[in-house]
Amino acid sequence: QLHLQESGPGLVKPSETLSLACTVSGGSIRSSTYQWAWIRQPPGKGLESIGSVDYTGTTYYNPSLKSRVTISIDTSKNQFSLNLRSVTAADTAVYYCARWITNYDTLAGYIGMYYFDYWGQGTLVTVSS
Amino acid sequence: QSALTQPRSVSGSPGQSVTISCTGTSSDVGTHNFVSWYQQHPGKAPKFLIYDVAKRPSGVPDRFSGSKSGNTASLTISGLQAEDEADYYCSSYAGSYTWVFGGGTKLTVL
Chain Z
33 QLHLQESGPG LVKPSETLSL ACTVSGGSIR SSTYQWAWIR QPPGKGLESI
83 GSVDYTGTTY YNPSLKSRVT ISIDTSKNQF SLNLRSVTAA DTAVYYCARW
133 ITNYDTLAGY IGMYYFDYWG QGTLVTVSS
Chain Y
791 QSALTQPRSV SGSPGQSVTI SCTGTSSDVG THNFVSWYQQ HPGKAPKFLI
841 YDVAKRPSGV PDRFSGSKSG NTASLTISGL QAEDEADYYC SSYAGSYTWV
891 FGGGTKLTVL
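Going down the list, the protein sequences come from chains Z and Y.
Everything in the first sequence is counted per the working numbering, starting at 33 for the first residue and increasing by one.
Everything in the second sequence is counted per the working numbering, starting at 791 for the first residue and increasing by one.
Quick caveat, the hints were computed from the structure, so don't treat them as lab data.
Misleading hints may appear alongside valid ones.
Claimed, not checked - Partner residues aside, some chain Y positions facing chain Z, computed with beta carbon under 10 Å:
| id | residue |
| --- | --- |
| 1 | His822 |
| 2 | Trp827 |
| 3 | Lys837 |
| 4 | Tyr879 |
Said to hold, decoys possible - Computed cross-link-like contacts, DSS-like style, restricted to lysine-lysine with a CA-CA straight-line distance of at most 25 Å:
| id | chain 1 | residue 1 | chain 2 | residue 2 |
| --- | --- | --- | --- | --- |
| 5 | Z | Lys77 | Y | Lys837 |
| 6 | Y | Lys896 | Y | Lys834 |
| 7 | Z | Lys98 | Y | Lys845 |
| 8 | Y | Lys896 | Y | Lys837 |
| 9 | Y | Lys845 | Y | Lys834 |
| 10 | Y | Lys896 | Y | Lys845 |
| 11 | Z | Lys77 | Y | Lys896 |
| 12 | Y | Lys837 | Y | Lys858 |
| 13 | Y | Lys896 | Y | Lys858 |
Glycine included, every Cβ here is placed at the ideal spot set by N, Cα and C.
Let the sequences and hints guide you as you build the complete structure.
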């Protein structure tokens, strides 16, 4: 059973950088079938895409956050990370990491496309001085 | 990227059926048959219910069904149960490895 776990500071000061990691266990992050995504949810609000990374390190970002976001992957640690620069109170949210199906599975064939099948539990990050 | 449009809330009595709509554009829902639906209980991570518009993963009851017409996708929950009370989100592929979520719908079981 795949498990994703977010980790990082729960409090970040305005104008600083929010840094989170997502550790994947129970399966390899090094697969062409998936991308690894970051999604956030401000308190009481809906889900917002941040971006994703594939196992080669190719990244795709939400245009509204692209100028401040860097997502990276470390296959040796089975981990991927999020850096969000110059944060403000508007970046206060629960941050989720998730696995995104983006290709055929080498063994199972077509398993559907472009949906998030595994999610981390989420971590609340508050931006405040 | 604009969020997909969902009703803010819907409600139904146990045993009834409810339908949640998810309206996008010709750039996302209208073009791609890659709409997925997620259920989120308070304080929990979302759980996926439907993928590829209408397919259910194993373990999801057949009371949950999805469909699409034009730029609008729908999630129907039949035989409502108390545990179905949750927030529901749709998502659509939007091309070039990007995706968009709906604003979420709160389902109340009366």
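Hint-by-hint comparison with the structure:
Taking 10 Å as the C-beta cut-off, the interface hint given for His822 of chain Y holds, the closest approach to chain Z being about 7 Å. Checking Trp827 of chain Y against chain Z: minimum C-beta separation of about 9 Å stays under 10 Å; hint holds. Evaluation of the Lys837 of chain Y hint against chain Z yields a held restraint, the C-beta minimum of about 8 Å falling below 10 Å. A cut of 10 Å between beta carbons decides the hint on Tyr879 of chain Y: the least distance to chain Z is about 6 Å, and the hint holds.
For the suggested pair Lys77 of chain Z and Lys837 of chain Y, the alpha carbons sit about 17 Å apart, so the restraint of at most 25 Å is met. About 14 Å separates the Cα atoms of Lys896 of chain Y and Lys834 of chain Y, which keeps this hinted pair within 25 Å; it holds. A distance of roughly 32 Å separates the Cα atoms of Lys98 of chain Z and Lys845 of chain Y; the hinted pair therefore is violated under the 25 Å criterion. At most 25 Å may separate the alpha-carbon atoms for a hinted pair to count; Lys896 of chain Y and Lys837 of chain Y meet this at roughly 15 Å.
In summary, the hint linking Lys845 of chain Y to Lys834 of chain Y is supported, as the alpha carbons are separated by about 23 Å, within the 25 Å threshold. Only pairs whose Cα atoms come within 25 Å are accepted, and Lys896 of chain Y paired with Lys845 of chain Y is accepted, the gap being roughly 22 Å. The straight-line distance between the Cα atoms of Lys77 of chain Z and Lys896 of chain Y is roughly 11 Å, inside the 25 Å bound, and the hint therefore holds. Distance hint between Lys837 of chain Y and Lys858 of chain Y is fulfilled; the C-alpha atoms sit about 20 Å from each other, no more than 25 Å.
Our distance criterion of 25 Å between C-alpha atoms is met by Lys896 of chain Y and Lys858 of chain Y, whose separation comes to about 20 Å.
The structure fails hint 7 only (numbered hints given earlier).
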